[in-house]
Each structure stands twice: as C-alpha cells, then as structure tokens.
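For the protein sequence lines, the chains are V and A, in the order given. With my numbering applied, the first sequence has no gaps in its numbers, which climb one by one up to 246 at the end. With my numbering applied, the second sequence has no gaps in its numbers, which climb one by one up to 322 at the end.
Simulated from the structure, these hints should not be mistaken for laboratory data. Ideal placement from N, C-alpha and C gives every residue a C-beta, glycine not left out. Honestly, I wouldn't trust all of these hints.
[Claimed, not checked] Stretch-level coverage of chain V by chain A, calculated; a stretch enters the list once three of its residues show a Cβ under 8 Å from a Cβ in chain A:
(1) 6–16
(2) 83–97
(3) 159–168
(4) 208–214
(5) 224–235
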Amino acid sequence: MKLLVCISKTPDTEAKIQLTPDGKQLDTSGMKYIMNPYDEWYALVRALELVEAQGGSVTVINVGPSSNDQIIRKALAIGAHEAVRIDAEPTSAWFVAHQIAAFAKNENYDLIFCGKETIDYNGSEVPAMLAELLDLPFVAWASKLDMEGNTATLHRDIEGGVEIVKVATPFVVSAAKGMAEQRIPNMRGIMMAKRKPLKVVEPVAVDDPVSVVQYALPPKKKGVKLIEPEHIDELVRLLHEEAKVI
Amino acid sequence: MSVLVFAEATQGQFKKAAFEALTYGRQTAELLGTACHALVLGPADNLAQLGRYGAQKVWHVTHDHLASFDSQSWAAAIAQAAEKTGASVVIMSHTSTGKSIAGRVAIRLGAGSVSGASQVPSLEGNELHVVKPVFSGKAYATFAIKTEKKVISVMGNAVRPEEVGGEAPVEQLSIEVPAPRVQVVEVQRVEGQVPLPEAEIVVSGGRGLKGPENWGMIEELAKVLGAATACSRPVADAGWRPHHEHVGQTGIAIRPNLYIAIGISGAIQHLAGVNNSKVIVVINKDPEAPFFKAADYGVVGDAFEVVPRLIEAIKRFKAQQN
Numbered sequence: 001m002k003l004l005v006c007i008s009k010t011p012d013t014e015a016k017i018q019l020t021p022d023g024k025q026l027d028t029s030g031m032k033y034i035m036n037p038y039d040e041w042y043a044l045v046r047a048l049e050l051v052e053a054q055g056g057s058v059t060v061i062n063v064g065p066s067s068n069d070q071i072i073r074k075a076l077a078i079g080a081h082e083a084v085r086i087d088a089e090p091t092s093a094w095f096v097a098h099q100i101a102a103f104a105k106n107e108n109y110d111l112i113f114c115g116k117e118t119i120d121y122n123g124s125e126v127p128a129m130l131a132e133l134l135d136l137p138f139v140a141w142a143s144k145l146d147m148e149g150n151t152a153t154l155h156r157d158i159e160g161g162v163e164i165v166k167v168a169t170p171f172v173v174s175a176a177k178g179m180a181e182q183r184i185p186n187m188r189g190i191m192m193a194k195r196k197p198l199k200v201v202e203p204v205a206v207d208d209p210v211s212v213v214q215y216a217l218p219p220k221k222k223g224v225k226l227i228e229p230e231h232i233d234e235l236v237r238l239l240h241e242e243a244k245v246i
Numbered sequence: 001m002s003v004l005v006f007a008e009a010t011q012g013q014f015k016k017a018a019f020e021a022l023t024y025g026r027q028t029a030e031l032l033g034t035a036c037h038a039l040v041l042g043p044a045d046n047l048a049q050l051g052r053y054g055a056q057k058v059w060h061v062t063h064d065h066l067a068s069f070d071s072q073s074w075a076a077a078i079a080q081a082a083e084k085t086g087a088s089v090v091i092m093s094h095t096s097t098g099k100s101i102a103g104r105v106a107i108r109l110g111a112g113s114v115s116g117a118s119q120v121p122s123l124e125g126n127e128l129h130v131v132k133p134v135f136s137g138k139a140y141a142t143f144a145i146k147t148e149k150k151v152i153s154v155m156g157n158a159v160r161p162e163e164v165g166g167e168a169p170v171e172q173l174s175i176e177v178p179a180p181r182v183q184v185v186e187v188q189r190v191e192g193q194v195p196l197p198e199a200e201i202v203v204s205g206g207r208g209l210k211g212p213e214n215w216g217m218i219e220e221l222a223k224v225l226g227a228a229t230a231c232s233r234p235v236a237d238a239g240w241r242p243h244h245e246h247v248g249q250t251g252i253a254i255r256p257n258l259y260i261a262i263g264i265s266g267a268i269q270h271l272a273g274v275n276n277s278k279v280i281v282v283i284n285k286d287p288e289a290p291f292f293k294a295a296d297y298g299v300v301g302d303a304f305e306v307v308p309r310l311i312e313a314i315k316r317f318k319a320q321q322n
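Based on the sequences and whatever the hints tell you, model everything.
What follows is the structure in structure tokens.
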C-alpha cells in the first residue's frame, strides 16, 4: 500500500495565544509548536499500522517553511518512510489543499490521511478540499478504519452516534480520536529519521480566496461568583434570574 | 445573487442546526440585500416550515443517489443547485455533514470559504467579513472572503433560531447527482440523549469524580436539566466515558448556554474547548482549581455532596415553574 499522511504544524496545546497590539497578527514570540495532534496520534499511527500489517510505504507531506522540518523529522522518527515539504507558508486551507493535490495527483496513493482538523484554525477543510481536487471519496472524522483487501470499513463520528461506512481505495480520510494510539518515537527511530529522505518541493501558484484581517481574544470573565455549598438554591436562582440560562 | 442555505435533515427531520443555519442565512441575505432560499436534499418532512426561519423559497432535490450520505454526491448536488438557482453564498451547518462537504463545495464553486463561523458576516467594501473561533476557542479571527462566490458553515449555537415568517413555497429542482462511492452500512444512534454539539446545557465530569461508577449523578443532573453529558480528556482516556464525550482542545469544542464542570481542574486545553460557553459553573473541592478563574459561578465543595443537592434544588425549581 502506498499511503500519504498530511501533517500540520500548530501551536502547542498548552500555548497561550497572544496578539500584536493592533490585533492584526499573532504574537508568536516564544511560541512552542507541535505536530497537529490528530495528524500525529491518529492519522500517522494508523497509516503505519496498516503498512506494518500489509506492507507498503508511508509518506508524510507538509506545507511550510524549513522551520517545519523539526516536526517532519518527528513524523519520520515515529516511523514514516519518507517526507515531502512544499516550501511555502500555509496561508489558507485552500492554499494547502491545492499544494498537496498538485503533488499527490500523479502519485497514485491508495489512501490519503489527514487529522480531523488542525487545532489552530479548526476548519476541517483541507481533507474535503483535497478529496474534491483529486476526485476521491472522503470520510470525515473517522474513529476506526479497518482494511480488507482494497475495501475499508470506517466508523464516522456523527451527532449523537456513529455511521459505519464502506469505501474502496483510493480515498481520503480524516482521523479522529479512537483510530489509533499515540506512539512516542524511540532513540532508534530518532536516529533513523535523520537519514530518511525529506524532499523539498517548490509550491504551485495559488491565489488565496480568504485572508485573516483581524484577531481578537475572547472577552474576559468578570470574575467568579462563589456560592456556599449549603445554599445551592441560590445557584439555581442566579442561573434562572441573573444568567437566564435555565 | 441569492443566499442558499443547505438545510440538513436527520432521518427526514429538521433540527436546531438547520434553523440556526437558516437564521444565519436570512440575516446574511438581508445584509447583502438579496433573497434567502433553502435547499433540501433527499426525503424530508415539513419542507414548507423552513419559511418560518426566513427561507423565501425551498428548493428540493430528490434523487436515488441521495438516499444515504456521501460527501461527493451531496457536495456535487449542492454546488449544482447553487449554480442553477443563481446563489452566490452557500451556507450550511458546521456539523459532521458540513465538515464532510463544505470544502468540497468551495472547490466546486471556486468559492472562498469559512468553516465554523460564530457570527453573522459584516460587509466591508465588497468583501464579506466572517468571524470564527480559532485555536480551539482561545481566540477569534475575522476572515475576509474575496471571491464572488462564498461558502460559510455555521457553528452550533452561533445564532438563535428566529421565526420570522410563515410557510414557504417548495419547488422541485432537477439535478444530476453522481453515484455515491461511500456506502453507508449502518447508523448507530444513542437514542434519548441530546447530542453534545447541539446541547444548550452541558454537564461535564472530570477526574474528581474518581471513577465511572460515579457518573450516575452526572447523568441525573443532565436529565433534570435536559442537558448533554461531557467529560475531560483524562476521563475519556481512562475509558470511564466514551471518546465522543471528550470536550477540549483535542476533543470537541462546544459553546452551550450553560456549562457545568464538576471535578474538572480546568487545564488550558480543556478551557479552550469550553470557554465560549455563555455561562460556566464550576464545582470543585479545590479552591485553587484554575477553572474558577474562567467561571461565572463557582461552588467550592465536594461534588459527592454538592451535586445531589443541586439535583434536588433543580427539581424543586422545575416543580415551581410548572
């Protein structure tokens, strides 16, 4: 099997988001970055498991500048066989999907994995766009993926339940919690990652149809109103009369 | 030039998400000085009622290939419907369906898209500006859409459904729908529970509850409030609760009117997923729990004493209301 896993770089889950004084940009000074958890924990690991069971190769692809090589090397240390970096700032889902599609269209991947969303822009758009650009079926937010021959059975998270679907390769899937268990790279993996191929590819020309013009932080809470455990009726009264939520 | 709202039906029934998308679409159409139309794919009941939420017309597409969900068939149908009806803005819900198709529809239409919008757009010159939460709720970003065609998916609870009219005329729309390549084998639904992303009230438990056997009072509190249940990451990871209940930065982000956190300390990753809730109540025995800083109301006390009391207090309150 020939598998492609799309990985993104995002701020650490613990990162505090700060803005420049005019709110036009993020203040990224001192920001710690990680591989998007859905890409790393579920998409990449499930792809590796499939190849371990059936043979084949896992390529990871990232759209970003050379400073992204750190997270790409981590994906290689976890077990991916080779990596591709499209050398451009990932300015929008549209831009990223077009870059990956341009690379993937002649490669005939059996399966293209993404995370269900990135924890920075939370759009869930890249995998759907990629599937459309490549004219492939797409299963979003899959929490389980089993292969039998060239047919996959997937569990897809839907509101209040699970949808079980079947689809033949090739297709695009976005991975949600449950699809695999996180793997921590070991020393051997880290050493081997240094020698694995990381190909840098020039981007194709794409116009961004959207751009961020302003950021804002959520309004600050006014401060907590404490209620004594013995006077819990008071909490109910406040929720009804003051907050008007019950 | 019209605004076309894809009104999603579940098992033939329209739910809150569809009425929210319609309200959002109606307000967007007013902003642009154009008409708001609804689009319904596949079998559904009471199509004309979509007029109550602002649809001036309901386009209905029935086709064998829409019998079950496939992102490719459905996105193709929506994009063609937009072209056939002259829509320049397509609006849908940011649901599991919306997440499967919004990006596809955007590509098909050559449209700039924003997924998970939390506010009705504004017009700046001829650009549409759309606000959405980013960094899992740690910030908001305003996106400018520069293309003539636009696709927006609307986050749950972003707008309140507003009834503004009566029934709308329903017109059949004939469209070529490609055959689905994804086959739906089975749909398993948890009956009798409020789905978490749609819930207006959410009761959530953390490690402070000590074990899955203690969730009875969480479920009872949720029941008396008509709420959905949720949990923190350690609870889902330990297998005390199913993964789909995990809210937070690596779970799902929610924005209910009321979020009640019980025995959850309030790590930054958890707060990211819930801090867009309108009102937050925190019950925790540790007065230093960081969650109190993000809360509107707090009770410092043992959950095993406070929650049963709260259940009784709400039952008394509900009895008085009736």
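Now for the hints, and whether the structure bears them out:
1. 6–16: holds (count 5)
2. 83–97: holds (count 3)
3. 159–168: holds (count 10)
4. 208–214: Per the Cβ count (7), the hint holds.
5. 224–235: holds (count 9)
Hint violations for this structure: none, all hints satisfied.
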